[in-house]
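Chains as they are written, first to last, in our numbering: chain E, 1 to 269; chain Z, 1001 to 1273.
In case anyone wonders, no lab produced these hints; they're calculated from the structure. Ideal placement from N, C-alpha and C gives every residue a C-beta, glycine not left out. Please note that the accuracy of each hint is not assured.
To be verified - Derived coverage of chain Z by chain E (criterion: at least 3 residues anywhere in the stretch with Cβ under 8 angstroms from a Cβ of chain E; other residues may be distant): (1) 1038–1048; (2) 1093–1107; (3) 1114–1121; (4) 1158–1168.
As the list claims (entries may be wrong) - Chain E regions said to be covered by chain Z (calculated; three or more residues, Cβ under 8 angstroms): (5) 110–122; (6) 145–157; (7) 162–170.
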Amino acid sequence: MTNYAQNLDLNPIADSVETQEPVLKTPRGEAGKTTLPQPGRPVPSRAYPGALIVVEGTDGSGKSTQLYLLKRWLEIGGYRLHFTEWNSSPLVKSATRRGKQKRLLTPTTFSLLHASDFADRCERQIMPLLQGDYLVLADRYVYTAFARDAARGCSHRWLRNLYRFAPVPDITFYFRAPLDVAVHRILSGRPKLKYYEAGMDLGLSYERAESFRLFQGRILEEYDKMVDTDNFVVLDGTLPVNKLQKQMRDIVASKIDLKRFAPGAPEAE
Amino acid sequence: MPDQDKEKSTPILLQSDGTPAPKSAAGPEESQHFYGEPLVGLDHTELNGNLIVIEGMDGSGRSTQIALLQEWLESEGFAVQTSGLRRSNLVGKDIDQLLAKNAVTRLTLALMYATDFFDQLEHRIVPALRSGAVVLADRFIFTLIARGVVRGINRDYLAGLYAMALRPNLTFWLNVRPETAFAREFKKAQAISYWEAGRDMSLSHDLYWSFVRYQTMIKREFEIMAKKNSFIELDGEASVSAVNKQLRQRIGEQLGIRLAKYTPSAALAHLWR
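Generate the whole structure from the sequences, applying the supplied hints.
Okay, here's the thing in structure tokens:
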């Protein structure tokens, strides 16, 4: 089983406070020990009935297009699903916007703000829906933070710990496109790159496009390192869209029991 | 992952009581200055100031003491910077709003507080220490860890989260009984807030008991951290002037200030009860 927490032993959420009565008598040693849903490990995918499908890849790798098409396929089929996107929680939005506009963010606070955003979506949508037997599709997941924040200089160990509350996906598609292809796709469609998007905070280059290229190169390296450790399903982002989508659908159909999420299928107990 | 693998898993950064792991786990040099690993891009040899932390529950007298200490230190010729929870430019106001709306879940809130902490560490505390100032921190990672732990977030997780926090030069813990704190807080605002009473934890429908239980749980976490983090525990129930004298004594030793008599200026005289 994929384990991106890399043996960092414990899921951070312990539910002893809620379950033990009376609270004042909670034995000290146990307050941090009991975990949800299974003690001693990151949340394994079988701890809830739902399924989690994730797409990852550098900007311009084609991942969002592919996830959109997968989502349309499942929606049209009437499957029970939820779609969630990186950096989209309304709770954290104003802080992120302010931080970016005023350039207040350091590698550490950039990472923590995105972790807050993810925690909010995880606690309020992803986990409850997985428990409620939904198919959850995520456009970018914790691996985006692992790649991007590590490229900014955050330590791998700290990042792995930070996100160890996140459920491990059933499938992680990694859309891999050569650096030049991905960078070209972005630069040709976008006249102006944003400051953090281009990695200008790293001081790699005064020129935005060049900074973006160097930053994306670092991110690509970080993604490549995770292919084996995190069980990525690698897809070739340079293939024609419809071919790629066919591969993606075949893999989803073979790895996930889609019938369970089909219209009329009873929800798991 | 089979069970026996758990035994020999990667060492967790910090031990469960918030203390640094043995030196083999963290670099020997890092561990003197940080709790586990260095802050990205920081050269700790540049830090010449002193970081002094005052911890203690609501109603323990922290803010009063900090106001007095700031005046005393400034009169002694030291530049003072302060920090405290929810005071960052980045997310301080956002956390206030989240708390007011009460729409936030525990892990998200813990991470927002961490963001707030590191923003102040990087933009307020570190620059002040670089310039040789004394930083008086009104609470530090210890409160944040305790609040998380009593809400069921794993200690090791929180310790890892704050692994890049700077180690204070001195950490004072103003210890008071929750009952005393309740009376003082109530007197201040004629009310006890939702969060101060830990009402998100459904400990009791009764406001008083909710407050006392919650603060007792927090206090217990502090007791665990106190030993390992060399807290200087002071009796927060003593008079303001008595507590202040003890604080000045220890801080004076740290900064090499000959202990002179101090009485607050007219502006702060009302605190000197």
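Evaluated hints:
1. 1038–1048: holds (count 3)
2. 1093–1107: holds (count 7)
3. 1114–1121: holds (count 4)
4. 1158–1168: holds (count 5)
5. 110–122: holds (count 7)
6. 145–157: holds (count 5)
7. 162–170: holds (count 3)
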